[in-house]
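**Student:** Fit the two chains together into the complex; they arrive one by one in their own frames, and the hints show the way.
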Amino acid sequence: MDLNFTPEEQAFRLQIRQWVAESLPKDISHKVLNALRLSRDDMQRWAKILGSKGWLGYHWPAQFGGPGWSAVQRHLFEEECALAGSPRIVPFGPVMVAPVIMAFGTPEQHKRFLPGIASGEVWWSQGYSEPGSGSDLASLKTRAERQGNKYIVNGQKTWTTLGQYGEWIFCLVRTSTEGKPQTGISFLLIDMKSKGVTVRPIVMLDGEHEVNEVFFDNVEVPAENLIGEENKGWTYAKFLLAHERTGIADVNRAKRELERLKRIARAEGVLDDARFRDQIALLEVDIVALEMLVLRVLSAEKSGKQTLDIAGLLKIKGSEIQQRYTELMMLAAGPFAQPYVREAMEAGWQGDYYARFGICAPLAGIYFNYRKTTIYGGSNEVQRNIVAQTVLGS
Amino acid sequence: MDFNFSDDQLSLRDMVARWVDKGFAFERRHRIAKAGGRTRDVYHELAELGLTGLAVPEAHGGMGFGPVEAMVVMEELGRGLVNAPFAAGALVAPALLAAAPAAVQSAWLPRIASGEALTVLALHERAARYRWHQVSTAAAKAGNGYTLSGHKSVVSAADEADAFIVPARLSGIADDVRGIGLFVVEANATGVTTQGYPTQDGARAGELKLTNAPATLITEDGHALLEQGIDVGIAALCAEGVGVMEQYVKLTVEYMNTRKQFGTTLATFQALRHRIADVKMQLELGRSMSYYASLKLAQDPAQRRRALSQAKVQLGQSMRFVGQQCTQLHGGIGVTDEYAGSHYFKRLTMLEMAFGDTMHHLGEVSSRMQDTAGVFA
Numbered sequence: 001m002d003l004n005f006t007p008e009e010q011a012f013r014l015q016i017r018q019w020v021a022e023s024l025p026k027d028i029s030h031k032v033l034n035a036l037r038l039s040r041d042d043m044q045r046w047a048k049i050l051g052s053k054g055w056l057g058y059h060w061p062a063q064f065g066g067p068g069w070s071a072v073q074r075h076l077f078e079e080e081c082a083l084a085g086s087p088r089i090v091p092f093g094p095v096m097v098a099p100v101i102m103a104f105g106t107p108e109q110h111k112r113f114l115p116g117i118a119s120g121e122v123w124w125s126q127g128y129s130e131p132g133s134g135s136d137l138a139s140l141k142t143r144a145e146r147q148g149n150k151y152i153v154n155g156q157k158t159w160t161t162l163g164q165y166g167e168w169i170f171c172l173v174r175t176s177t178e179g180k181p182q183t184g185i186s187f188l189l190i191d192m193k194s195k196g197v198t199v200r201p202i203v204m205l206d207g208e209h210e211v212n213e214v215f216f217d218n219v220e221v222p223a224e225n226l227i228g229e230e231n232k233g234w235t236y237a238k239f240l241l242a243h244e245r246t247g248i249a250d251v252n253r254a255k256r257e258l259e260r261l262k263r264i265a266r267a268e269g270v271l272d273d274a275r276f277r278d279q280i281a282l283l284e285v286d287i288v289a290l291e292m293l294v295l296r297v298l299s300a301e302k303s304g305k306q307t308l309d310i311a312g313l314l315k316i317k318g319s320e321i322q323q324r325y326t327e328l329m330m331l332a333a334g335p336f337a338q339p340y341v342r343e344a345m346e347a348g349w350q351g352d353y354y355a356r357f358g359i360c361a362p363l364a365g366i367y368f369n370y371r372k373t374t375i376y377g378g379s380n381e382v383q384r385n386i387v388a389q390t391v392l393g394s
Numbered sequence: 001m002d003f004n005f006s007d008d009q010l011s012l013r014d015m016v017a018r019w020v021d022k023g024f025a026f027e028r029r030h031r032i033a034k035a036g037g038r039t040r041d042v043y044h045e046l047a048e049l050g051l052t053g054l055a056v057p058e059a060h061g062g063m064g065f066g067p068v069e070a071m072v073v074m075e076e077l078g079r080g081l082v083n084a085p086f087a088a089g090a091l092v093a094p095a096l097l098a099a100a101p102a103a104v105q106s107a108w109l110p111r112i113a114s115g116e117a118l119t120v121l122a123l124h125e126r127a128a129r130y131r132w133h134q135v136s137t138a139a140a141k142a143g144n145g146y147t148l149s150g151h152k153s154v155v156s157a158a159d160e161a162d163a164f165i166v167p168a169r170l171s172g173i174a175d176d177v178r179g180i181g182l183f184v185v186e187a188n189a190t191g192v193t194t195q196g197y198p199t200q201d202g203a204r205a206g207e208l209k210l211t212n213a214p215a216t217l218i219t220e221d222g223h224a225l226l227e228q229g230i231d232v233g234i235a236a237l238c239a240e241g242v243g244v245m246e247q248y249v250k251l252t253v254e255y256m257n258t259r260k261q262f263g264t265t266l267a268t269f270q271a272l273r274h275r276i277a278d279v280k281m282q283l284e285l286g287r288s289m290s291y292y293a294s295l296k297l298a299q300d301p302a303q304r305r306r307a308l309s310q311a312k313v314q315l316g317q318s319m320r321f322v323g324q325q326c327t328q329l330h331g332g333i334g335v336t337d338e339y340a341g342s343h344y345f346k347r348l349t350m351l352e353m354a355f356g357d358t359m360h361h362l363g364e365v366s367s368r369m370q371d372t373a374g375v376f377a
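Top to bottom, those sequences are chains A and F. Mind the numbering: the first sequence is residues 1 to 394 in the numbering used here, read in order. Mind the numbering: the second sequence is residues 1 to 377 in the numbering used here, read in order.
The following block holds chain F by itself, in its conformation from the complex (with noise of 0.2 Å):
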């Protein structure tokens, strides 16, 4: 029982912290975000530094580094705000593919691994909501292959990606379990078209359309994948929520020291006082927590699951108190575009409805309860 960062964690995470205040300050994010939240060019960046290749296997020209590295640089990209699609493209993308067959993953990871490829889960369907296993987009066998069709929803940087991997039903119902493929389809094969948007959180996500798209196949029973892949992001997200949190109540603690009303300093009121421990341990919990979500990703299944979702579940009562509350605490400089929190706010938001809200892992949580409970149980 120890939770100390080792000195490559903290050196890595030192790397991260200095990229992002000399690369990524709060200006050039707003100007992204205003130009509909493209961050291609950002991605590429975090590839310089050797950060796509973080989570694929050495083999393959990764780092080979565990759930602790990601959750660490997550932290930190989450203190930078930074809207690149990272987790998605460079942990859940190599975690869903670790399963693939060994050439698809030759053809795959390195080009993830140096950041060449962006590739993206697709997740959502419209009225799938989040029960992962309901999936319609079906897929066909043709010739040696597949071919796809269906419609996913809110794809992360769905116009920028270069490839997706796309849960598709190859037998069975709606609503099965089984019958669940799992897919690589390239963003620039026929039969796929995207419409990219601005998200809320000021990145970018997209619609994307598949007919009789051509798709290689990385397992034919995916759904147990699909849910590690989900954990995976889980994780990614808990992490970045802290980072996020951590920032937003600096800016926070910052403002009440220096703002004045009635002639003297937030800080010195103790209703005011008192929101900002309540802030303090709400934040301190979710950091708990992400330890805890990343620490329990190597366990078998239905424990992983089961803490993945207490995770989710924290950290998305924490994001939310936390955000509403700094914003709160900040008066009416805290609602304005102009001024950062508002967008750490918003980030905050967009990252509770991520890979399922905390109504839904509430209700895994209740649904997955065991007679006995705890960190260990």
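Here chain A stands alone, though its shape is the one from the complex (with noise of 0.2 Å):
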């Protein structure tokens, strides 16, 4: 037992953090740091960087391009670019498809598709959820038909998180109606552009166009675009699921915001309020525990030992954390937090309008927005039906 990173894990780490500092554009770190909104081009500008250094896939493999690291350098990586407040990497490209493209992709495939997500250069969006189907995902209608070597695909995903930028989609269709509804499910990549393709904004509780409905009106794909076996679509989603592991819990992130909760309430008057300061120290303690979960799942992968049966946790305590620290955040506002100016928004809270809000005018929004984190990526009480079978067997 050993708390501390090895002399190689920790000279890894400093080497990261000096080309995070070296490599992330001063204008971006800034809007990270006091939670500003970011613009596709600062997302993606940040994106390229990572790409032309080989990062953006900082998970890959070495045999696509990836630098090969271990689960605890990977960790490593997040936590540099995290603490360095660079913008989350937009996961659907990178994180998400690219090791669907990898396991289950044709070399075709690979050869096609795996470039554009290394560099940054395409911006790829999720098409998983429908209008009816959130937490019950297998029941998704979207349905694909094949003619001849294409298929037409009909339907309508929903929640595409910045869907209004994706250029290429990966979508779960339904290719079949017998059997179990996981049976019939298809994994399928499908251009924007096509023909039939429509993005339409959902503007969300605090004003923000952040996800979107995509329809399907004939659209044709062609059958070279499906991963994989037809059918087999359900596999390769749950394959995606076990991909993100500790990530989820966005611990790296936590703690930064952490601090910057303190440097609100320091300025907003309430860190030497008692009752106020006891209840970022219990925050405190929970991020704690939670970065000790996270280095034990680490520990688990780096031994090769079987995994622990506590991955499944780390999606409830982290968004739970998540919102905490928001609400946190917005109660230290206080009354300041209220008002509500969308032009101030739209410019991303900068200049003019951050002057005259100073620190508190985004939080309530981030804190509205946050209800999302434990309804999302399986909702929290999806999770603990999963937790629970794990436990009971049963």
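It should be emphasised that the hints constitute simulated quantities derived from the structure, not laboratory data. No false leads were mixed into what you were given.
Here are the simulated lysine-lysine pairs, DSBU-like style, with alpha carbons at most 30 Å apart: (1) A:302 <-> F:250; (2) A:193 <-> A:238; (3) A:193 <-> A:53; (4) A:305 <-> F:250; (5) A:372 <-> A:193; (6) A:31 <-> A:372.
**Tutor:** Spelled out as structure tokens, the structure:
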């Protein structure tokens, strides 16, 4: 047992830290560290910087052009990026669809899709949820009908995060209605410029346009865009979920945001109020405990022993912590979190607006926005079902 | 960064687990508790396994093991709900004596290692609550030695112990952090009286009254050492709490999978499934922070203090939640004396109040808060 990273791991961390310090544009980190709105360009600029270093696919194996890092190295990379104020990597391409293409795609599909993902050139979106299929994803109805060497896709996806920027979308589509719902699903890659694809914004409770509906009206998709075998898509989707392990806890970002919470509380004069301070202290204990949980999972992965049965807990606790820090930030701002100034929000709370409202203005909006964290990615109630299954063995 | 146990640590765990399974069945524990919680013979059995020498340096006849070995043993003792004062006698006392003059170490540590001398910290004073620096027991110089006068409360195994480690005031006013000496007082010395009683969780404690009782000095400036010894105790009880929780969760899972109501097992009801998922969460957060506590014991005092209070806050919350919810999940049987589960619940409840409760340690975390946070902050 040893809490400390090895000297090699620590040297690795310093190397990452130095590179991020040199490479992360200051205007971007300023926005991230102050929770201001990021533009498409901000996100893609950082993706391309990472891409040119070969680190956008930072968890890719070496054979696909990734750095071939260990789980611990990936964790250290994520932590250094988060603490320095890097934008979250938009996961749909490099984190989500790429591993599925690598594992189940053909060599032609590797050649065709992976380079654009690795460089950050091509923006990917995710087409999973549907209006009638949220937690019960396997009930999805978007149909793909095989006609010769193409599929005809009809239906609707929803909650497509940043789909307004999307160039390609990976979709779960129904190719069969026989047997269990899970057995008739296929994994299809669709060019969003195809005729019949319509993206419509959904404005969320904070007034922001972050998610979308995507409609498919007789969209023609070449059959060569099918990943793996027809009707095996559910297996690939589960593989994708299994691929996302410790990152889902987002503990590195939580540490950074806890520091910000303390700054806000100090600026607003509540850091030394015992009642408020104790709430921050409780959150701090939660974050240390979550980080230890993450480190335990990493240690198990590193030693190649059986993975712990605690990975399911990471999403629940991580998302609760995210909600708690946004809540405490808003409460620290108190009445000054109330103004809702649309033009200021559109301007990303920059310039004059930022000067006028200070750090308080965006906090309520972020609190509202973060209610999503216990809902998406498998609601926390679904996560509890999974944990209970593991604990009870029945 | 590695949370795997070494082969030696695993065989140590195995040895303790085997003794618990063979020698400390619930029926025996229940009998002991009913009879007043005297456990000196249990303590002797632990000594025969060599465990009382766990934390004593090899030079004094012990094994010289560190916090991780202590953690492993405490987890297993927790699992077996072992009510002997092992942490007090074999972990906290050696930690406090490590700073004593060589002659005092030689006089006590070998006897502690062999289990011959059960030596416990007499910590609580009625008015001080968890303010360890608030010491009114008085120390006076007497010839080459000292005498102590005062009253310590809820001392672990008071009427079974052979000696006490006693914080007593050499100088300063009642809540001064300076001027607190640590002393060894023998149970059979003149001026020492004890009044024992069973505790809620089937163990034993008592009142210790000192009237000009002769005492041997460990250190004149003992506050920092006392805090260190208490942190050793906190790490030990965190690990014990993990073992207790683990076993109570196991009993609860078995019960949920067998007990039927409305024609089906409890495990099929989603309200109860979500409850057990929340219990699992608290168990694993608790285990994580128990590791953290033991692995932070060797840090400098400021870091160690903050970390151990963070751990105690987590374990306090975990133990209360797991204790209450596992009892609830059992229904009526969970609140009977006959069923083992209720005794796990009672132990978890008492552990929360040992060495400072959750609110006390939250205050510590709060007042020691830094701008940065995290495992390595």
